[in-house]
Amino acid sequence: MNTATSAAAVLPEVKRLASGQELEQLRQALIDRTDLNAPRILVCCGTGCKAVGSLDLLETMRNAVAASGAAIKVVPEVKRTGCHGFCSRGPLLTLQPEGLFYQRVKPEDAEEIVKQTVIGGELVKRLLYKPQGAKEAIPKVGDIPFFAKQTKLVLKRVGRIDPFDINDALVHGAYKALNKVLTEMTPDQVIEEIKSSKLRGRGGAGFPTGLKWESCARQPGRHYVICNGDEGDPGAFMDASVMEGDPHAVLEGMAIAAYSMGSDRGLLYVRMEYPLAVQTLTRAIRQAEELGLIGDNILGTGFKFKVSVSTGAGAFVCGESSALMSSLEGKVGRPRPKYIRSTEKGFRDSPSNLNNVETYANVPEIILRGGAWYTGYGTERSAGTKVFSLTGNVHNVGLVEVPMGTSLREIVYGIGGGIPNKKELKAVQTGGPSGGCIPIPKKFLDINVGFGKLAEIGSMMGSGGMIVMDENICMVEVSRYFINFLVEESCGQCTPCREGLTRMKDILTRLTLGEGRAGDVELLEEIGNFTNSFSLCGLGTSAANPVLSTIKYFREEYDAHILDKKCPAGVCKPLYYYEIDPEKCTGCGLCRLKCPAKAIAGEKKQPHTIDQELCIKCMECYKNCKFDSIKIM
Amino acid sequence: MAEAEVICQEPEVDFTLIDRIIRDDYNGNREAMVMMMQAIQRHYHFLPEPALHYLAQAISVPLTKIYEVATFYASFSLVPKGKHILHVCTGTACHLKGSGGMVKHVAGKLGIAPGGTTADMKFTLETVNCLGACAVSPVVVFNEKYHPKATVGLLNELIDQVNAE
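Chains as they are written, first to last, in my numbering: chain A, 1 to 633; chain B, 1001 to 1165.
Read the hints as simulated data drawn from the structure, not as lab findings. Errors might be hidden in some of the hints.
[As the list claims (entries may be wrong)] Below are the BS3-like pairs computed for lysine-lysine, each with C-alpha atoms no more than 27 Å apart in a straight line:
#	chain 1	residue 1	chain 2	residue 2
1	B	1081	A	594
2	B	1065	A	623
3	B	1065	A	598
4	A	135	A	156
5	A	626	B	1065
6	A	631	B	1065
7	B	1109	A	594
8	A	331	B	1065
9	A	306	A	331
10	A	594	B	1145
11	B	1104	A	598
12	A	623	B	1145
13	A	623	B	1149
14	A	594	A	453
15	B	1145	A	566
16	A	195	A	125
[Claimed, not checked] Here are the simulated distance ranges between beta carbons:
#	chain 1	residue 1	chain 2	residue 2	range
17	B	1156	A	215	42 to 48 Å
18	B	1160	A	502	35 to 41 Å
19	A	222	B	1064	49 to 55 Å
20	B	1160	A	369	54 to 60 Å
21	A	457	B	1153	39 to 45 Å
22	B	1028	A	25	31 to 37 Å
23	B	1149	A	132	35 to 41 Å
24	A	529	B	1113	38 to 44 Å
25	A	376	B	1156	51 to 57 Å
26	A	66	B	1153	35 to 41 Å
27	B	1016	A	59	32 to 38 Å
Cβ coordinates follow ideal geometry from the N, Cα and C atoms, glycine included.
Model the full structure from these sequences, guided by the hints.
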């Protein structure tokens, strides 16, 4: 903090910027006072790291640096940043300019880091990252496969800048593209540039962004530019990380869109479950307004653009564009039929352009480097990069940005580091609750992710959630989970979705309880196909995907539930039980200690046993046994 | 349902506060109704009926519309919440790591359904669809404090601690 305030004093007093020239002058002044090679300690304060205590770490780190001020030659700036991406290793800390990477850092470690690394120049070895199975630790960010194998375009600034400080964003190039479009480009040229980049909507549907902007711009009336930050897919947090880590990229993209279609009003719709994103965006808007980068007469060009943030109230269906607009109007979020497009009549019955967070965040870089540069990444049909949130049964859980067309193998094994606990990879679920489960080992490990490819095999890319599932995941139960989720979230206005989902849920629940009957699978297929064919909105027409894709690829698991009354994965509680293999059990007693139901008994160093009457099948013993002696029967 | 068993302890509604939310914070703008209701709920932890009557009058929206919104969105509650609120994340990553079992366990232990409040107004059990902290799943949030990699044992501890007070 101290360094920041003292440095700010050197700057000329910053008022509203009256021209593009003044913006560049300010940027240059900011760059001049920032020594990019000065020591800096970046503490990740994304949602994942915050959940494991990174705010405490930030505080103790600042104190530790301040306390030993005299001993350090150049006092490092301790900076809070957005998500670094490597969430499973949090809290994370990077030391610049060397690029040293410390992981699982606790507040207690702060003092040691200052003494040993900042002052002494030595590594704190136990905080270094060591890949699974490797002998040597990797000290530098750039050498860690998880980071080295990614291509960061959207996430370029996320994790590097302080999301609460517009100056930091300006140093790293924010609002350069806005300046360019306002001073050098006509609205049509902007649209042409986006069209030539082949950018497609990142929210799931993949509609070409340039075409959408063009059709909205052609409509008469007041235009609205809306950003969909209602990232409702469970297990997805890409958009959250962009909003939390680099809010100005989103605002700049929206402002450029507004310029291209002559709009003066932007709205951001953010899930209420993302309080941090609401904070960063609100602060970013205020700071940009103070500098005259948002608001009236932007950069003295006469262009006017106001933005506000609205929060959702916990309805998954509000991620659907027409439902979102209805929610923005203060009503219930129910989708409407799409024979009139939102670009003609959307929010307040006016032409409205709605894009996803990641789509807008792509825009500034495309403007600066040109559409042709962007098409250099990705594939013919899917240009650019895509951010995925890689979660589930994989070593490296976190945020991953790769060019479109990267294979699932590269994402799961190359970047994700493979499956923990020597388990087999069973499936990868993409596209959120409306996506599908792709059975990996069979044939699809080398499939390239992109808009077309995943749809061909019965899933979809969706907004970028990617959930890795190992052999202990029951596909019947997973589809019950997703259908149950959709039953809760269906808005209920059209019959196929409302009734179809409820019926499917009833059947799937019966299967997981061991009450399946012959013919259930066929019935599920019939209802599923009907729901997908006749529902009103995009959510309804993809609602049965989890069921249909698992039936297609994991039919034998359905049969096991129905015919044998067994759950091979050991998930559906009435269909299996745990037993301890006396041959393998060493009597270490760990399971006995971990069991919350006190169902395990045994003498030390003697094989233990499970009391089936008491066992609540919580999996604690199974997860904790180091000798693989707990068996699913 | 469990809701009916709750002994309702309706708080006094401060209409000045409600009016401030409606007029000062949101300019009486009808489109901001969802946000106003969120602000009211942030204050009382649920939507007290008198406050909604006031809101309906103030922005000239029929009470039925407000009721429609209040029951459509999952985050609104028309009944008071307990003193301690336990959120169990049931997003996909957490679900795969056993959060469904944790919900069942707590529901059984407290004798309430998810969304319900214990009769002594001590606990409310809520589920939430993904908090975006999938790397440390399963996640539970107890009184707004995150507990990464939660277990049934940890939940027992949290609840027993409160009960011991």
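Hints, verified against the model:
1. Distance hint between residue 1081 of chain B and residue 594 of chain A is unfulfilled; the C-alpha atoms sit about 32 Å from each other, more than 27 Å.
2. In summary, the hint linking residue 1065 of chain B to residue 623 of chain A is not supported, as the alpha carbons are separated by about 49 Å, beyond the 27 Å threshold.
3. Between the alpha carbons of residue 1065 of chain B and residue 598 of chain A the distance comes to roughly 51 Å, so the proposed pair goes past 27 Å and is violated.
4. Distance check on the hinted pair: residue 135 of chain A and residue 156 of chain A sit about 31 Å apart at the alpha-carbon level, beyond 27 Å; violated.
5. A C-alpha spacing of about 57 Å is found between residue 626 of chain A and residue 1065 of chain B, which places the hinted pair above 27 Å, so the restraint is violated.
6. Of the pairs offered as hints, the one joining residue 631 of chain A and residue 1065 of chain B is violated, with about 55 Å between alpha carbons and a cut-off of 27 Å exceeded.
7. Taken as a hint, the residue 1109 of chain B and residue 594 of chain A pair is honoured in the structure, with Cα atoms around 18 Å apart against an allowance of 27 Å.
8. Distance restraint check for residue 331 of chain A and residue 1065 of chain B: the Cα-Cα separation of roughly 8 Å lies within the 27 Å cut-off, and the hinted pair is therefore satisfied.
9. With a CA separation close to 22 Å, the supplied pair residue 306 of chain A and residue 331 of chain A stays within the 27 Å bound.
10. For a cut-off of 27 Å, the pair hint linking residue 594 of chain A to residue 1145 of chain B stands: about 23 Å separates their Cα positions.
11. For a cut-off of 27 Å, the pair hint linking residue 1104 of chain B to residue 598 of chain A stands: about 18 Å separates their Cα positions.
12. Proposed proximity of residue 623 of chain A and residue 1145 of chain B is supported: the alpha carbons are some 25 Å apart, at most 27 Å.
13. In summary, the hint linking residue 623 of chain A to residue 1149 of chain B is supported, as the alpha carbons are separated by about 12 Å, within the 27 Å threshold.
14. Only pairs whose Cα atoms come within 27 Å are accepted, and residue 594 of chain A paired with residue 453 of chain A is rejected, the gap being roughly 44 Å.
15. A C-alpha spacing of about 39 Å is found between residue 1145 of chain B and residue 566 of chain A, which places the hinted pair above 27 Å, so the restraint is violated.
16. The suggested pairing of residue 195 of chain A with residue 125 of chain A is violated, with an alpha-carbon distance near 49 Å, which exceeds 27 Å.
17. In this structure the supplied range 42 to 48 Å is violated for residue 1156 of chain B paired with residue 215 of chain A, their Cβ-Cβ distance being about 57 Å.
18. In this structure the hint that residue 1160 of chain B and residue 502 of chain A lie 35 to 41 Å apart at CB holds, the actual value being about 37 Å.
19. Roughly 30 Å separates the CB atoms of residue 222 of chain A and residue 1064 of chain B, a value that falls outside the hinted 49 to 55 Å.
20. Restraint check, residue 1160 of chain B to residue 369 of chain A: a C-beta distance of roughly 58 Å satisfies the suggested window 54 to 60 Å.
21. Range check, residue 457 of chain A to residue 1153 of chain B: about 41 Å between beta-carbon atoms, so the 39 to 45 Å window is met.
22. Separation of residue 1028 of chain B from residue 25 of chain A is about 42 Å and departs from the stated range, judged on CB atoms against 31 to 37 Å.
23. Under the hint 35 to 41 Å, the C-beta atoms of residue 1149 of chain B and residue 132 of chain A, about 18 Å apart, miss the expected range.
24. Separation of residue 529 of chain A from residue 1113 of chain B is about 33 Å and departs from the stated range, judged on CB atoms against 38 to 44 Å.
25. One distance hint, 51 to 57 Å for the beta-carbon pair residue 376 of chain A and residue 1156 of chain B, holds here, with the actual separation near 55 Å.
26. Take residue 66 of chain A and residue 1153 of chain B: their Cβ atoms lie about 39 Å apart, and the range 35 to 41 Å holds.
27. Here the CB-CB span from residue 1016 of chain B to residue 59 of chain A is close to 37 Å, well matched to the stated 32 to 38 Å.
The structure fails to meet hints 1, 2, 3, 4, 5, 6, 14, 15, 16, 17, 19, 22, 23 and 24 from the earlier list, while all remaining hints are met.
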